[in-house]
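From first to last, the protein sequence lines stand for chains A and B. So that you can map any letter, position 106 of the first sequence is 106 in my numbering, and since no number is skipped, the others follow by simple counting. So that you can map any letter, position 150 of the second sequence is 150 in my numbering, and since no number is skipped, the others follow by simple counting.
Because the hints were derived from the structure by calculation, they are not lab data. Watch out, some of these pointers could steer you wrong.
[As the list claims (entries may be wrong)] Computed footprint of chain B on chain A; a stretch qualifies when at least three of its residues, placed anywhere within it, have a C-beta under 8 Å from a C-beta of chain B:
| id | stretch |
| --- | --- |
| 1 | 77 to 87 |
| 2 | 109 to 123 |
[To be verified] Using 16 Å as the maximum straight-line C-alpha spacing, the simulated EDC-like pairs for lysine to aspartate or glutamate come out as follows:
| id | chain 1 | residue 1 | chain 2 | residue 2 |
| --- | --- | --- | --- | --- |
| 3 | B | Lys289 | A | Asp169 |
| 4 | B | Lys289 | A | Glu67 |
| 5 | B | Lys220 | B | Asp130 |
| 6 | B | Lys11 | B | Asp262 |
| 7 | B | Lys10 | B | Glu260 |
| 8 | B | Lys141 | B | Glu16 |
| 9 | A | Lys185 | A | Asp166 |
| 10 | B | Lys289 | A | Asp166 |
| 11 | B | Lys220 | B | Asp249 |
We treat Cβ as the ideally placed atom computed from N, Cα and C, and that holds for glycine.
Listed here are the chains, written in short residue letters.
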Amino acid sequence: MANLNPAPLGRTEPALRQFDLARDRLRDLNAFLHQRAALEGVTQVRVVNPDGAHSIACGLDAPLDVEVLGHVGYYVAGMNQHATVTVHGNAGPGAAENMMSGRVHIHGFASTAAGASAHGGLLVIDGDASLRCGISLKGADIVVGGSVGSFSAFMAQAGRIVICGDAEDALGDSLYEAVIYVRGKVRSLGADARFEPMAETDLAQVAALLAAAGFEHSPAEFRRVASAKSLYHWHADADQEY
Amino acid sequence: MCGIVGLLVKKPALREQLGALMVPMLTGMTERGPDSAGLAVYTEPVAASLHKLSLYRGTHAIDWTALLAVLSAELSGPHEIAQNGNHAVLTSAANPDDVGAWLAAHEPRVAILSIGQSIDLYKDVGAPADIAERYRFKSLKGSHLVGHTRMATESAVTPAHAHPFTAGRDFCLVHNGSLSNPHLVRKKLEPLGIEFETDNDTEAACRFFEWRLREGDDLKTAVQRGFSELDGFFTFLMGTESEMLIVRDAFACKPAVVAETDDYVAIASEFRSLAHLPDIAQATLFEPKPEEIYSWRI
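Please model the entire structure based on the sequences and the hints provided.
Okay, structure coming up:
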C-alpha cells in the first residue's frame, strides 16, 4: 500500500514558491497560501515587489513560512494561524491584526494598531510601532524593538507587550489582564495603568520574549506596567474623571 | 476615506518631470478616493505685476478665447489665457479682486479655483486616472504640488467639494479625515467678512489657516493654533508658493507616509503611492507623528 502514498519525488528541501506582485495578482497569492500550498506540498513562499499592497498573507491557517521582501500595506498577516510571516520592510496599519497563533516579524517599522486584538502567537517589530500598538490585545505576545505611539495596549485583555524603546501618551489605558514591559521612558500612563515591581517571573518572561524576538537587552532594564484594577468595578461615588 | 499626495522636488532639473512623477502617486490612491480628484501645482512665479487665476467652467459651453476678448476690452491688461479643457489659467495684470468681481458680474458660471502668482489648480469629479488624463497632469511642471483623491463622507460629490481647497493667494489645503466643528469655525470666520463657497468641512480649515496667515502668523504658527480650534480627524497637507507642510491630528487617525531623498520629498496616505518613485529603496521613510508639524521649502 505504501506506493499509494508516495513521498514527493526528489524533494529533499521544502519546496519554495515565489510570487512577484509586480506581475502576479495579490488574490492569486492569497488563494495559493490558503488552498494550493498544502495540496502542492509547498511550505515556503517568497513575495517580491509587495509595493505596499494590502492584506498580504492574510488569513493563513497552516504552518507556512512566508517571506516578504519589501514594504507592505494594511493588515499583513491578519488573522494569522500557525504561519510564520516575515516582512523585510515596513508594515501599514493593522499588521498581524487578530493573529491567533504563529509568528509575524516586521523588520522595519509598523504603522498604527499593530497586533490589534491578537489572540495568540508572537509579533516582533524591529523598528518603531505607531499609535495603538496591541490595542485590545487578547493573548498574543508583542515585542517592539523601538518605541510605541500613544494609546498602545489600550484595553488589552491578555498577553504581553515588551517595548525596548519608549512609549508615548496613555500607555496601557484601561488595561485588563495584559502586562506591559517597557525599557525606556513613558510619557504618560493611561487610566488605571500603574508601574509594578518586577518579580522573578517577570524577568524570566521578558528574557524568554527577548530571546524569541532576537533582542539582546537585559531584562533588568525593563519596568512592568499592569492594571491597578480600580476600573474593574463601578464606583458610584467616584468623580468619574478618568 | 480619502487619499492625499504631495511632491516637492529639490533638484531644479526634476521640475520638468513633476507631473510625470506624480500621476502614479495620484492614481495609486484611487481606492481611497474614487469619486473626485484634484491637485495644485506650484510653477515658476509670474512677474510681480501679474497674477494667475485658475478658472473652471464645468459643463457650461463657455469659449475661453471669447471670454478673454471681452475681459480684455473691459479690464486693463495684458491678459492671457491657457486653456486646458474646462479649466483655464488666466494670467492678468489686473487686480485679481477686480477680475473676480468682473467674472461674478459677467460670467458667474465660471468658478475661480485659485489665485496667486505660482499656483495652478485643477479638480473635478470622476476617477483619478480619468482626471489626470483629462487635464494632462503628466505634463505639469513646477517645484511642488499637492493632490487629493476623494471619497466623500460628509458633503456632496461636486467639483466644488473636491480638493484642494484654496483661500487667499497661493495657499491650498487637502484633507483626509473629517472635522466635527466646521460650522463653529465658520460661524467665527463669517463675521470677519470671510466668505465660504461650500458646506464642506475642509473649506473651514482652509479658510481658518489662511485667515491666520493674513493676521501675521507663519504657517506653522497657524497650524499650531488650529490644534485648539479644529476638532476632528485630519491629515492636512498644505502648499504655499514656497512650502509644503503636513500635519496629523493627535490620534493619527488617518495615515501618511513620507519618503525623502536628496532629490525629492514625497508624501502619500500609503506607501503604495510612493513605490514607483526613483530611488525609493534608498529613501528615508517615516510616518509623521501626531500633532508634529513637518514642512519643506523649495
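message: Flag every earlier hint the structure violates by its number, smallest first.
response: 1, 4 and 5
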